[in-house]
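Read off the chains here:
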Amino acid sequence: MFSSQQPLLQLTGIAKEFPGTKALKGVDFSLYAGEVHALIGENGAGKSTLIKIIAGLYQQDAGTIAVEGVTVDFHSPADSLAHRIKVVYQELDLVPDLSIAENVFLGNLPKKALRAVDWQALYSKTSELLLDLGLHIDPQVPISALTVAQQQLVEIARALSRQAQIIIMDEPTSALSQTEIESLFAVIRRLQGRGVGLMYVSHKLDEIYAIADRVTVFRDGEHIATEAVADTQHSDLVTWMVGREVKDLYPRSPAVRGPALLEVDSVSGGNIENFSLNVHAGEIVAVFGLMGSGVHNVGRLIFGNMPRSGSVRLGGEVIHANAPMDAIRKGLGFLTENRKTDGLLLPLSVKDNITLVSVNNYAKLMVINGQEERRATTGIIDKLSIKTPGIAQKIRYLSGGNQQKSLIGRWLLEDLQVLMFAEPTRGIDVGSKAEIYRLMDDMAHQGMGILVLSTELPEVMGIADRIIVMRQGKSVGRWVAREEANEQDLMTAATVQMEKVI
Amino acid sequence: MAVLSKGKGGNSGSASRLSRWLLTREAGLVILLLAVVILFWILEPSTRQQRVYWDLLREISPNLIAAIGVTMLMLAGEFDLSIGSMLAVTGVTTIVVFNGTDNMWLGILAGLATGPIVGSIHGYLVTRQKMNSLVTTLGSLFALRGMVYVYTNKTPIIDENGFYDFQDAYYNNLGPVPLPFVLAIILVALALIVLTQSEFGRNIYAIGGNETAARVSGIKVNLIKFILFVICAGSAAISGMILTMQTGTGYFDSGSSGFELIVIAGVVLGGIALSGGKGSLVGTVLGVLILGMTAKGLRLMGVNTNMQLMVTGSIMILAVFMHSFHDRISIFRKP
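Heads up: the protein sequence lines correspond to chains A and B, in order.
Quick note: the first sequence uses the working numbering, first residue 1, plus one each step.
Quick note: the second sequence uses the working numbering, first residue 1, plus one each step.
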């Protein structure tokens with residue numbers, strides 16, 4: 001549909017090799033003015049490498065980049081920015097202690113004589129840009145005072161401040177609520193109307209149907225397909241991405257419901273008030289809420305790394321407040337939503353990460369039996385089919401999905417009754433998602449109880465037996481998943497009165 | 001749609017402006033400084049003379065000047081531990097060139113040049129070779145001191161010409177204000193303007209606050225850090241020069257009694273975050289003054305040095321407590 005024009009951005013035969021891996025094997029990508037072109041692929045497909053090449057952070061080994069028909073050479077981010085290309089990164093690249101205005105014009109502050117910063121111009125220009133995005137905030141407020149959604153808009157304002165022609169968004173919605181996503185899409189459509197070309201990188205296929213004109217799929221560093229979104233089926237995309245058909249993303253088959261394992265009674269703490277729930281053996285219970293609803297804090301309160309009142313019992317035994325070790329000893333595991341900061345020891349090996357909690361089981365008189373530890377690790381790697389060159393590999397080099405599986409493995413080595421799982425598949429590709437859901441299903445069948453704390457509705461609908469919806473720290477509704485729950489009701493329950501967030 | 005705003009228009013009365021100022025980091029430091037001054041005023045009659053304060057400002061000037069460079073570097077998230085040894089390098093170089101050339105200006109030039117030279121080496125190692133600045137400058141702390149010891153054989157180098165102009169510069173005044181302090185104030189003012197009003201200065205905060213963000217925004221992170229290492233060692237060389245003026249000798253042990261730690265203590269006390277990106281030069285000045293006043297007051301009281309250490313340490317801990325308290329209450333001031 002755009003073929004008559006000259007593309008804004010044309011990448012041809014881009015290749016990039018890192019020691020040991022070919023990240024990109026000669027891929028093509030084009031972007032036209034006024035178009036949203038989605039790029040999808042599993043982790044390790046080469047999407048982020050491509051973004052970094054466009055951003056000038058990496059240099060390609062082969063291939064050419066042309067901006068508006070002219071071949072360019074990017075040696076630094078400044079070169080890329082000079083061609084009015086702006087990347088909105090997944091991990092927001094903002095300076096928390098500086099003001100909104102200074103962040104919007106970071107590296108590009110308006111100046112008066114003698115290179116002094118023109119504060120007046122800075123604040124008025126920023127206000128204009130923010131208003132344009134529907135954000136009514138004083139530009140002098142520090143970034144750290146904003147919500148994630150507002151920060152995302154600041155990132156986009158930053159792109160606008162440089163009159164970006166080409167905007168690349170890397171997983172822009174991974175931390176946004178449904179309403180926030182809607183307003184982000186509204187902004188994207190307006191930019192599109194102004195002739196900006198947007199490259200939209202995402203894991204969420206639904207969003208691609210909502211916003212993109214064309215879609216390109218990468219797999220293992222290769223270009224698999226580029227199609228108009230209207231001409232593709234959901235299943236095509238998945239098949240292209242994983243290279244095989246993923247028939248059933250949610251393999252949940254209800255298991256025999258046993259006795260109550262986890263009994264939480266009127267727990268309060270943080271923004272949570274009077275929260276109660278039970279998880280039975282063989283059951284997957286999900287707590288669903290939007291960002292800011294406190295859904296993740298439920299896990300922290302129960303596990304004891306956030307102060308609480310109220311009682312928590314596991315298999316009949318009381319779990320003390322503020323005592324995660326007590327919870328672990330009694331058979332409760334917890335995977336937080338921040339894999340990188342709360343879960344993984346990035347500089348350490350896969351083995352050290354997997355045996356972190358259970359390492360004492362292989363120790364006699366405080367000396368670790370290395371052989372036993374290695375055997376346990378290999379067992380987990382086989383059982384969960386974690387893809388790693390070896391147990392000594394540093395965990396930072398594994399893909400998100402394999403990192404998450406390693407963390408699950410960490411808890412499987414303990415004798416767990418209940419595993420709590422916050423955002424089990426955040427930032428994880430479709431293929432690994434299905435595997436992680438299958439693991440959860442297996443654990444339930446083996447008589448464990450699973451508590452999922454999630455902000456992703458499809459996931460909650462797909463995997464849970466029972467669903468509890470939270471809003472502003474309170475539970476506002478309970479559903480038996482496959483019989484009564486529908487997306488509409490859950491979303492309404494979670495969002496009513498939440499309009500004022502943005 | 002809730003509109004978030006700071007509500008600047010509503011409460012601009014002078015009373016609320018005062019109460020808002022009282023919540024800043026600097027206000028706490030001013031109060032602490034006043035408390036220290038008043039305490040000594042009560043305890044030690046000799047601190048009631050004006051002269052004591054002018055002396056204090058003269059004595060504290062080298063620390064103040066070195067603290068400028070340290071502050072700027074720490075704001076970008078890097079360290080320089082070698083500034084104490086820099087003092088000796090500058091002093092010895094200056095006097096050796098005095099004696100070799102019989103030219104005062106050549107000596108001063110050579111002495112000051114040692115700063116940028118050492119700073120460039122640090123800058124190169126940290127930005128190009130990706131070495132950790134703490135370890136790198138810890139290395140040069142020892143290496144530079146060793147060099148001075150080897151070269152001087154641990155004997156002070158006397159100014160054979162006796163350049164009195166050089167020594168007078170330390171003891172002279174501009175009106176009532178000691179010359180070294182005039183220099184310190186000029187340098188502080190310059191640095192303050194750079195840090196708060198120039199793009200270079202704002203980029204320093206950006207680098208310390210989030211280096212990746214700075215880099216992808218096209219800020220030349222390595223170049224700025226390199227310049228900051230040069231500025232830091234350069235400001236140490238200026239302090240070294242002032243101390244050399246004071247004695248007229250190139251002293252091998254100049255700054256060896258923990259000069260770098262006292263300066264860094266002042267900077268941290270002033271509220272500069274160890275991780276960078278947070279704090280102000282005004283805080284640094286107050287921090288250095290608080291430590292200087294405490295030390296001077298205790299000395300005048302004739303308190304023994306062991307006791308002095310204890311009191312100074314306690315004041316530091318108190319200030320750091322104040323900062324962490326400030327960080328906690330500022331959560332509530334978010335819009």
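A hint or two may mislead.
[Said to hold, decoys possible] Residues of chain B clear of chain A, computed beta-carbon distances all greater than 10 Å: (1) L33; (2) V150; (3) L192; (4) F200; (5) N203; (6) T212.
[Said to hold, decoys possible] Listed next, the stretches of chain A that the computed footprint assigns to chain B, with coverage defined by at least 3 CB atoms under 8 Å from CB atoms of chain B: (7) 68 to 78; (8) 462 to 474.
It is worth saying that the hints were derived from the structure and are not from the lab.
Quick caveat, the model's predicted, so the values are computed rather than measured.
Note that the Cβ used here is the ideal one computed from N, Cα and C, for glycine as well.
Here is how each hint holds up against the structure:
1. L33: holds, 25 Å
2. V150: holds, 39 Å
3. L192: holds, 13 Å
4. F200: violated, 7 Å
5. N203: violated, 7 Å
6. T212: violated, 6 Å
7. 68 to 78: Satisfied; 3 residues make the cut.
8. 462 to 474: violated (count 0)
Comparing the model with each earlier hint shows violations of hints 4, 5, 6, 8; every other hint is respected.
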